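Q: Below, each chain spelled out in residue letters.
There are 2 protein chains.
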Amino acid sequence: MVAARANVSRVAVSRAFNPHASLKPEKRELILRIAQELNYTPDRAARALVSGRSHLVGVIVPDVCSHWESQEIDALTTALQNQGFATLLFKTRTDYSMDEKLLSYMRGFNPDSVIAFVENVKPATLARFLDRAVPIYVNYPQTDEDAEPPGAPLYDRLNILQRDGIDQAVALLEGFGARRIAYVSGLERSRADGARERTLRRVMADRGLEPPAVVRGDFSYEAAYQATIDLFRVGKGADAVFAANDVGAFGVIDALRHELGLRVPEDVKVVGFDDIAQSHWKSYNLTTVKFDLDARVRALVRLILRRLEDPGAPRFEETLNTRLVVRGTVG
Amino acid sequence: MVAARANVSRVAVSRAFNPHASLKPEKRELILRIAQELNYTPDRAARALVSGRSHLVGVIVPDVCSHWESQEIDALTTALQNQGFATLLFKTRTDYSMDEKLLSYMRGFNPDSVIAFVENVKPATLARFLDRAVPIYVNYPQTDEDAEPPGAPLYDRLNILQRDGIDQAVALLEGFGARRIAYVSGLERSRADGARERTLRRVMADRGLEPPAVVRGDFSYEAAYQATIDLFRVGKGADAVFAANDVGAFGVIDALRHELGLRVPEDVKVVGFDDIAQSHWKSYNLTTVKFDLDARVRALVRLILRRLEDPGAPRFEETLNTRLVVRGTVG
Numbered sequence: 001m002v003a004a005r006a007n008v009s010r011v012a013v014s015r016a017f018n019p020h021a022s023l024k025p026e027k028r029e030l031i032l033r034i035a036q037e038l039n040y041t042p043d044r045a046a047r048a049l050v051s052g053r054s055h056l057v058g059v060i061v062p063d064v065c066s067h068w069e070s071q072e073i074d075a076l077t078t079a080l081q082n083q084g085f086a087t088l089l090f091k092t093r094t095d096y097s098m099d100e101k102l103l104s105y106m107r108g109f110n111p112d113s114v115i116a117f118v119e120n121v122k123p124a125t126l127a128r129f130l131d132r133a134v135p136i137y138v139n140y141p142q143t144d145e146d147a148e149p150p151g152a153p154l155y156d157r158l159n160i161l162q163r164d165g166i167d168q169a170v171a172l173l174e175g176f177g178a179r180r181i182a183y184v185s186g187l188e189r190s191r192a193d194g195a196r197e198r199t200l201r202r203v204m205a206d207r208g209l210e211p212p213a214v215v216r217g218d219f220s221y222e223a224a225y226q227a228t229i230d231l232f233r234v235g236k237g238a239d240a241v242f243a244a245n246d247v248g249a250f251g252v253i254d255a256l257r258h259e260l261g262l263r264v265p266e267d268v269k270v271v272g273f274d275d276i277a278q279s280h281w282k283s284y285n286l287t288t289v290k291f292d293l294d295a296r297v298r299a300l301v302r303l304i305l306r307r308l309e310d311p312g313a314p315r316f317e318e319t320l321n322t323r324l325v326v327r328g329t330v331g
Numbered sequence: 001m002v003a004a005r006a007n008v009s010r011v012a013v014s015r016a017f018n019p020h021a022s023l024k025p026e027k028r029e030l031i032l033r034i035a036q037e038l039n040y041t042p043d044r045a046a047r048a049l050v051s052g053r054s055h056l057v058g059v060i061v062p063d064v065c066s067h068w069e070s071q072e073i074d075a076l077t078t079a080l081q082n083q084g085f086a087t088l089l090f091k092t093r094t095d096y097s098m099d100e101k102l103l104s105y106m107r108g109f110n111p112d113s114v115i116a117f118v119e120n121v122k123p124a125t126l127a128r129f130l131d132r133a134v135p136i137y138v139n140y141p142q143t144d145e146d147a148e149p150p151g152a153p154l155y156d157r158l159n160i161l162q163r164d165g166i167d168q169a170v171a172l173l174e175g176f177g178a179r180r181i182a183y184v185s186g187l188e189r190s191r192a193d194g195a196r197e198r199t200l201r202r203v204m205a206d207r208g209l210e211p212p213a214v215v216r217g218d219f220s221y222e223a224a225y226q227a228t229i230d231l232f233r234v235g236k237g238a239d240a241v242f243a244a245n246d247v248g249a250f251g252v253i254d255a256l257r258h259e260l261g262l263r264v265p266e267d268v269k270v271v272g273f274d275d276i277a278q279s280h281w282k283s284y285n286l287t288t289v290k291f292d293l294d295a296r297v298r299a300l301v302r303l304i305l306r307r308l309e310d311p312g313a314p315r316f317e318e319t320l321n322t323r324l325v326v327r328g329t330v331g
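Protein chains in written order, with full-length UniProt numbering: chain A, 1 to 331; chain B, 1 to 331.
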């Protein structure tokens, strides 16, 4: 009916509803207007059976409400919508691992792509639960851990190079006189956190500094708050604290100021990691290593589209860098 | 194959994959274990065509990364997963309205339910884009605006009663000597904000207080920060500031302390609304009107399940109350 009324072919109608398909803008507009008048929408369940595409992208996250992840999901959902995909959220268990029942359930939706972290579900496990999607993993490459076991399942990669931003942060801390730098870690099993700590150690060693005192957090405000109190009351304190993420850095700052009576940055300097939107709030005004959200989302969308264009291709990779954003908690 | 190997009927296998269907726990476990060994998952696209259920719940939000919404999406996704549904996110335009192209696109996924706000998309508009789902609206009932136009489309309601919490907040402010209470509003078109401001006016009038000075924000930290500076530099200031949400209250506190050199709570008292997780952070330690997240998510899930049980029933409603959480920004 839509094709007849618009005086176009059925193929044109189908293309009009597919944001990837090329079609003259006037033609698409006409078809969509008539389709709307007729209250016509192609059923996606039916189309998925024919086209093999679900137009769903699964995102596996431990915490939607963590600041970093919520900002990423927000930007990613907008970008995916613009490309004709909807975001399907899957939450991991409280220990951050992925329930196999949930994976099997996710498979039923037959997503076109899945974005995941190694600490939540291993590529070999995930591959068993995907019929055709090639998952995308966020990776923190380190020269000594980049080897892949032979026969590993295919997955695409977004590589984050943490070295530059951390190097700039330590240089700034040193430039303002800090020598004893402590690290308030993230979650123990997180690869992002592991790579961050190892990079910090290497950067400090290269600069001839003593290795950092490490106190364990879990990326939360509360754990970083308690870890900071331990560091100064039980441990030997520090000139500067590097937190594994911004929210942790907020906990560090509040513990220093409100519990330990220390001034930031005069007595202790603080650096975070992420540059979430809250970092510029005046109570914190945090100096932090930025990992650009827009660039990350653009890279993820590119990986999805490249893979859909060419399902059989070998690994696709995108690589992003970090840099220091200087605000008020150092110097 | 699964049925044969488990020595059960095909119906039992189908029930095992449907979390709503009753089945002996041992039987379900056996079937799921065998299904996993055989790498079998029923395809949801195929099942949706047969059962008419997509197991998708659409959530229409303006900002995934607003603190309140991210915490709600997180809790809702967990609760829905436990009931066998996946969360499908749809973002509104930057003016918070819902794009009709996106609505038509959402319809294609044939969601079992959709959760929405009137300021993002009106029930009459949304109804045109849903084949069978009855949407759920979050509602802020006021005696004078509860009339429904005849022939309005069916939708279910989660009612939030704001009066109790706001009444408790104003009583506490008055008890600590505040008389001139200002309101830093949320987004102009938001019904939640409108109802909040009207309720505050009524509560203050009932207590014989002058009407609040109102400065316009938009639920963001930045707008509340600027509005507070205007209130004190251009306007006449206030003894206390009631912010439309917690993030706005953080902006109010930071503007008072870092821009205007005023102490909170000694010089100016501050109250927020929501009780998001950040409200207990030491830099803010905010006294706020709590609108219980867990209770809200449980009510939403109940509304979804009741409607799926009985698609033809008249309106379902759930009603929740608010209460004051006292921390450090008043008295």
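Since the hints were made in silico from the structure, they are not lab data.
Watch out, some of these pointers could steer you wrong.
Identical copies carry no separate label here, and so any pair may be met within one copy or between two of them.
Calculated pairs, EDC-like style, for lysine to aspartate or glutamate (alpha carbon to alpha carbon, straight line, at most 20 angstroms) [as the list claims (entries may be wrong)]:
#  : residue 1 : residue 2
1  : 122       : 267
2  : 282       : 267
3  : 236       : 95
4  : 27        : 318
5  : 236       : 259
6  : 24        : 206
7  : 282       : 218
8  : 101       : 294
9  : 122       : 37
10 : 101       : 317
11 : 290       : 29
12 : 290       : 197
13 : 122       : 100
Keep in mind that this is a model prediction, so the values were computed, not measured.
Q: What are the numbers of the hints that this structure violates, sorted from low to high?
A: 1, 3, 4, 6, 8, 10, 11
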